[in-house]
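Residue 53 in UniProt numbering sits at position 53 of the sequence shown, with consecutive numbering throughout.
Just so you know, these hints were derived from the structure itself, not from any lab. All values derive from a computational prediction rather than experimental measurement. The beta carbon of each residue, even a glycine, is placed where N, CA and C say it ideally should be. Take the hints with a grain of salt, since some may be wrong.
Here are the in silico distance ranges between beta carbons for each label pair [claimed, not checked]:
#: 1; residue 1: ASP34; residue 2: ALA61; range: 27 to 37 Å
#: 2; residue 1: ALA61; residue 2: ASP37; range: 29 to 39 Å
#: 3; residue 1: ALA33; residue 2: CYS10; range: 16 to 26 Å
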Amino acid sequence: MMIPVRCFTCGKVVGEHWEEFKQRTKEGDENPADVLDELGVDRPCCRRMLVSHKDLVDIVAPYQ
1 MMIPVRCFTC
11 GKVVGEHWEE
21 FKQRTKEGDE
31 NPADVLDELG
41 VDRPCCRRML
51 VSHKDLVDIV
61 APYQ
C-alpha cells in the first residue's frame, strides 16, 4: 500500500503501480527507470514520487 496514492505535483494516480515497482526493484536486479518505463509512468513528477517513496505502513501500523 502506497500512501499517498496520488502524485503531489500533478495529481495522477501512482499508487496502483507501487506494489509491482517495489517488488521488481527490491533486490536491485532491475533498473528503476526501466521498470517505470514498462509500467507506463512517464511524467518526471510521478517518477520521482515512486523512486523517492519510503513505505512506512509496516513501521507505523505493525499490527495488521
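| Hint check for CYS10 and ALA33 - Cβ pair distance inside 16 to 26 Å | holds (19 Å)
| Do the beta carbons of ALA61 and ASP37 sit within 29 to 39 Å of each other? | holds (32 Å)
| said: Just to be sure I understand the hint, the distance between the Cβ atoms of ASP34 and ALA61 should be within 27 to 37 Å; is that true here? | reply: Because 32 Å falls inside the window, the suggested range holds.
In this structure, none of the earlier numbered hints is contradicted; all agree with it.
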